[in-house]
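Enquirer: Sequences and hints are given; from them, build the entire structure.
Read in the numbering used here, the sequence shown has 21 at position 21, and its numbers run on one by one without any break.
Hints are not guaranteed to be accurate.
[Claimed, not checked] With a Cα cut of at most 25 Å, we get these calculated DMTMM-like pairs of lysine to aspartate or glutamate:
hint	residue 1	residue 2
1	K166	E332
2	K255	D325
3	K241	E72
4	K142	D53
5	K241	D173
6	K163	D53
7	K163	D325
8	K241	E224
9	K303	E96
10	K255	E224
11	K166	E224
12	K142	E203
No lab work stands behind these hints: they were computed from the structure.
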Amino acid sequence: MVNDVIQQVNSEGAEVCTLRRPQDALLCDMELTHRGTYYPLGYPVEFITNNMDVLQAAKESFGHGRLSRSSELLQIRVGVSSSGGGECPPEPARREYNHLYSLVADVNNQTLLDLRSGINFTWVTSAAVNNRIYFRYNFLEKAVYLLLGASVVTDLHAACVSKNQKGFLITGDSGAGKSTLAYACARAGWTYTSDDTSYLINESEVLRVIGHSHRARFRPSAKEMFPELRCFGQTPRLEGKPSIEVAISDLPVEKTSPEATVDFIVYLNRTSSAEGRLTRLPNGTATMRACRELYSAGEIRAKHERILQTLSEVPTYELQYCDLDQGILALERLSRGQ
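Expert: Here it is in structure tokens:
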């Protein structure tokens, strides 16, 4: 293999020649001199990078809390290069084989993860990092939650709120109203933990979940139900879905908690003629449905399926409702044991 010759000028103005090593194309010697530690879901994660904008993005995503649930430090390495032009990359394609996972947008923007060992590396361009929402959502947050999900938590497609010391996982098909009902409960004085995704703590003696209690995400149509959302602009599309992302501190919510017990699981069935009725579902329904929604493979999926067996004995209901007041009333009766 022939080395490329690079023409450079020294401090005295003289032209000098240096050789580019063949392995330079691998970016294997990129110096990552900047470090910062944040606590997504309460777990310590150190971000190591060559670009301070990466640490700013990490702060925006994870700088809302410092609660530490573990002494084991996860490290996320991100190298930023100027190659690739100025266009924002496309949404990454995701692939998994057993414990190996990749996120690939194009040749210059990709993440490789070993979900078993936690070893990972992300290569991105300046254009990707400069599009902050894109970078945070498609690379930074994905890498963190995939690695935490392979080791200490199991994610559930469910909102979470609490009332009378009872925690409710609110779940259902996309568009069933999980986020809006959870937020409506929070506006009515319930304790808010999560709007759409809750994370089951794998080794907890008591069944508990962690949520993103610092923010809420809504479909744009939620502005019709909640006037306070009308002043917030639309967030760039996340996974093809238009959304509004708002800090909970900017909303009329008095009670939040990053954790909650799992005392009830409620599947939403919203129809125009429903009357706010709860119907008990067979034991094991929650485990079966949660396993069906898993977005994992190989040994990681097998691990998640074992953990989700803990949901099999949790009282599980279907809520048939047509409006938010109906739903809140039905859930409140359940929280009182009625």
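Enquirer: Now, for every hint given, state plainly whether the structure supports it.
Expert: The hints, checked one at a time:
Restraint check for K166 and E332: the C-alpha separation of about 10 Å stays at or below 25 Å, so the hint holds. Only pairs whose Cα atoms come within 25 Å are accepted, and K255 paired with D325 is accepted, the gap being roughly 19 Å. Proposed proximity of K241 and E72 is contradicted: the alpha carbons are some 35 Å apart, above 25 Å. For the suggested pair K142 and D53, the alpha carbons sit about 17 Å apart, so the restraint of at most 25 Å is met.
Taking the CA atoms of K241 and D173, the gap is near 15 Å; set against the 25 Å cutoff, the hint holds. Under the criterion of a C-alpha separation no larger than 25 Å, the hint pairing K163 with D53 is inconsistent with the structure, at around 40 Å. Taking the CA atoms of K163 and D325, the gap is about 15 Å. The hint holds against a cut of 25 Å. Taken as a hint, the K241 and E224 pair is honoured in the structure, with Cα atoms around 18 Å apart against an allowance of 25 Å.
Note on K303 and E96: the hinted pairing holds, with a Cα-Cα distance of about 15 Å set against a maximum of 25 Å. As the CA atoms of K255 and E224 are separated by approximately 24 Å, the hinted pair is consistent with the 25 Å bound. With a C-alpha separation of about 30 Å, the suggested pairing of K166 with E224 is violated against the 25 Å cut-off. For the hint linking K142 to E203, the alpha-carbon distance of about 22 Å falls within 25 Å, and the restraint holds.
The structure fails to meet hints 3, 6, 11 from the earlier list, while all remaining hints are met.
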